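Enquirer: Chains A and B are the protein sequences, given in the same order. Numbering that gives the first Met the number 0 applies: residue 0 is where the first sequence begins, and numbers increase by one. Numbering that gives the first Met the number 0 applies: residue 0 is where the second sequence begins, and numbers increase by one.
Fair warning: there could be bad hints in the mix.
[To be verified] Here are the simulated lysine-lysine pairs, DSBU-like style, with alpha carbons at most 35 Å apart:
no., chain 1, residue 1, chain 2, residue 2
1, A, K70, B, K153
2, B, K323, A, K227
3, A, K174, B, K95
4, A, K70, A, K174
5, A, K227, B, K95
Since the hints were made in silico from the structure, they are not lab data. Here the structure is a predicted model, which means the values were calculated and not measured.
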Amino acid sequence: MNDGWNIVVCVKQVPDADDVTIDPDTGTLNRSDAPAVLNRPDHNAVESALALREAVGGTVTAITMGPPPAKAVLQTAVGAGADGGVLLTDRAFGGSDTWPTSLALARAAEELDADVVICGEESTDSSTGQVPPGIAAHNGWSQLTYVESLEPRPDEDVLVGKRDVEGGYERVAAKLPVVVAMEFGANRPRPAGLHRKIFAETEFEPVEWTASDLGIEDRVGLANSPTKVGGMDTASPVERERERVDTVDDLYEHIMEVL
Amino acid sequence: MPIDIDDYRDVWVFVEQHEGEAAPVSWELLSKGRELADETGESLVALVMGDGVSHLADEAVARGADHALLADDPVFEPYRADPYGEQFRALVEARKPSIVLIGGTHTGRDFAGRVAVPAHAGLTADCTELAVDDEGLLLASRPTFGGDAMATIKCPSHRPQMATVRAGVFDASEATKDDVDAAAAVEEVDVVVTEEDTLSTVIERVVSDVVDITDADVVVAGGAGAEGNFEPIVELADALGGEVAASRAAVDEGWVEPARQVGQTGKTVRPHLYIAAGISGAVQHLEGMNDSDYVVAINTDPNAAIFEHADYGIVGDLHEVLPKLTAMIREKQEVVV
Ligand SMILES: Cc1cc2nc3c(=O)[nH]c(=O)nc-3n(C[C@H](O)[C@H](O)[C@H](O)COP(=O)(O)OP(=O)(O)OC[C@H]3O[C@@H](n4cnc5c(N)ncnc54)[C@H](O)[C@@H]3O)c2cc1C
Ligand SMILES: Nc1ncnc2c1ncn2[C@@H]1O[C@H](COP(=O)(O)O)[C@@H](O)[C@H]1O
Numbered sequence: 000m001n002d003g004w005n006i007v008v009c010v011k012q013v014p015d016a017d018d019v020t021i022d023p024d025t026g027t028l029n030r031s032d033a034p035a036v037l038n039r040p041d042h043n044a045v046e047s048a049l050a051l052r053e054a055v056g057g058t059v060t061a062i063t064m065g066p067p068p069a070k071a072v073l074q075t076a077v078g079a080g081a082d083g084g085v086l087l088t089d090r091a092f093g094g095s096d097t098w099p100t101s102l103a104l105a106r107a108a109e110e111l112d113a114d115v116v117i118c119g120e121e122s123t124d125s126s127t128g129q130v131p132p133g134i135a136a137h138n139g140w141s142q143l144t145y146v147e148s149l150e151p152r153p154d155e156d157v158l159v160g161k162r163d164v165e166g167g168y169e170r171v172a173a174k175l176p177v178v179v180a181m182e183f184g185a186n187r188p189r190p191a192g193l194h195r196k197i198f199a200e201t202e203f204e205p206v207e208w209t210a211s212d213l214g215i216e217d218r219v220g221l222a223n224s225p226t227k228v229g230g231m232d233t234a235s236p237v238e239r240e241r242e243r244v245d246t247v248d249d250l251y252e253h254i255m256e257v258l
Numbered sequence: 000m001p002i003d004i005d006d007y008r009d010v011w012v013f014v015e016q017h018e019g020e021a022a023p024v025s026w027e028l029l030s031k032g033r034e035l036a037d038e039t040g041e042s043l044v045a046l047v048m049g050d051g052v053s054h055l056a057d058e059a060v061a062r063g064a065d066h067a068l069l070a071d072d073p074v075f076e077p078y079r080a081d082p083y084g085e086q087f088r089a090l091v092e093a094r095k096p097s098i099v100l101i102g103g104t105h106t107g108r109d110f111a112g113r114v115a116v117p118a119h120a121g122l123t124a125d126c127t128e129l130a131v132d133d134e135g136l137l138l139a140s141r142p143t144f145g146g147d148a149m150a151t152i153k154c155p156s157h158r159p160q161m162a163t164v165r166a167g168v169f170d171a172s173e174a175t176k177d178d179v180d181a182a183a184a185v186e187e188v189d190v191v192v193t194e195e196d197t198l199s200t201v202i203e204r205v206v207s208d209v210v211d212i213t214d215a216d217v218v219v220a221g222g223a224g225a226e227g228n229f230e231p232i233v234e235l236a237d238a239l240g241g242e243v244a245a246s247r248a249a250v251d252e253g254w255v256e257p258a259r260q261v262g263q264t265g266k267t268v269r270p271h272l273y274i275a276a277g278i279s280g281a282v283q284h285l286e287g288m289n290d291s292d293y294v295v296a297i298n299t300d301p302n303a304a305i306f307e308h309a310d311y312g313i314v315g316d317l318h319e320v321l322p323k324l325t326a327m328i329r330e331k332q333e334v335v336v
């Protein structure tokens, strides 16, 4: 394989978490009409995909499953340097939990003949981290999660990942094809080049695939999602004194009182 | 492919271990699993995988499991997602548990999907509350986006009902039964994976003793405001007999080890006193410490969000405030001694 690897990077559109705060009186979210952005941890996934392409050659294709406006996150990825993008969009995908979501991404990765699929650690809106292992499981591929850095071994068709584990790290050699979930903050994403960004915003058009294009129209959506949201409770806001003290002496007194 | 959910029964708990040592979350889940099994009137089954780990199967029984299943083979040490997932999946498909609880650690969250996907099971991530309803359906709850609300997830028509569960939220079970009768309750199962089938190899593993900040009564946490110097935080924690913790920003900078990170992607702590120094109070951080009895905040920015979530706050430089505080506490202790 001298022509490099087919690298697929999974990117998700989420409400901007930076605009979200908790109202301390009501315990509810101040979402201030948070605009939709690329999931922050996926910036690390895009950066690793680009760095991997530099190391082994090949192409980087961004994929996202979402409604048509999710095209915006493909533009972000292409602006950063991805070669192309695929939008998985279909009403049939509506209501999908992680099982059908990872199925759709897994089928698309197969269709793209992926050697490596790179994801973020978790999405800021659903924060399950289940999609990357789900993609690997649907395809029977190897996986590397909580990855700090990657070392490709193209001669052996192997990707080595340094994984964060309790109390330290491990280095795991995984056979291709492999699904990787990069640890959030694992690298510093490069800024988009101006020309690439203009191209992404004006000329780039994603390839669009529906559920039937992937042959999974009967296996996605709410009906094929094992988990259902059974209810939402506002977590009762934690009562806090919210008292400001002016001197370290006062602070010391308060600490001694509660201990 | 509809399944008959009545074919599925019992509560399973995965006993996570590394090099023969159980992860603390395993025993936390075992005690919660005991409660759930008592409510549904089913058995509590511990699943132990590893190499030379029969002592953990015995211990699981001593700590309250009705049975333990033991998959003992060198292929399971060190941990790898594919052999663990494959073995676990084979057991689930053959024995049909109704509820499966797995620790929400990097290990648990790594392989849970390799069981849930082929089994078409429902999998809820990183739960912090578990209950069963009148029909014995698992109610798995977790904080949603930003931690303002709790979403309760059900799995009405698929089995098993799987959940990964946060470490530190339940109390661990104690060993109550003596281990004389333990061995009889342990069943060694067939190992269905071989080294040749595996897709990955661990080429290096570097782990040191893992600190556990989840049990501490006092936690002193530092953030980006520490600007590379954690000494004032370490000293104050020492004076108070507490543990040092950190925000993700401080961990990412490499000032503190990852095991001490508090928050959504770190640990949940519920100490009596939580002191946050140089931490802004991002929602992902609050999620890990909001259940502390008392919160004290030290921050140079009077508008930092952390003050809204603290009992006592002082606007000031932690490099000045903490050493003063530490000196006062040490002085008092000397007087007492
Ligand atoms: C998916 C995801 C998961 C995440 N998980 C976590 C998590 O588990 N835990 C977590 O903590 N974060 C998590 N984060 C990150 C979180 O959003 C914040 O970025 C992070 O908590 C900020 O850390 P900080 O408060 O230390 O730093 P900053 O936000 O930079 O705040 C530093 C604070 O220090 C104050 N300061 C500066 N100098 C001083 C001084 N000399 N004395 C006193 N105060 C000073 C400043 O006023 C400021 O308020 C996550 C983010 C994402 C997207
Ligand atoms: N709808 C989606 N489209 C593309 N990638 C996704 C989607 N959902 C999740 N992912 C990927 O899976 C990672 C983990 O997401 P999650 O399992 O939802 O926490 C994300 O960082 C993305 O890389």
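Enquirer: Would you mind marking each hint as holding or not holding in the structure?
Expert: Verification of the supplied hints:
1. A:K70 with B:K153: Since the Cα atoms of A:K70 and B:K153 sit roughly 32 Å apart, the hinted pair holds (cutoff 35 Å).
2. B:K323 with A:K227: violated, 52 Å
3. A:K174 with B:K95: The hint holds at about 31 Å.
4. A:K70 with A:K174: holds, 31 Å
5. A:K227 with B:K95: holds, 21 Å
Hint 2 from the list above is the single one not met by this structure.
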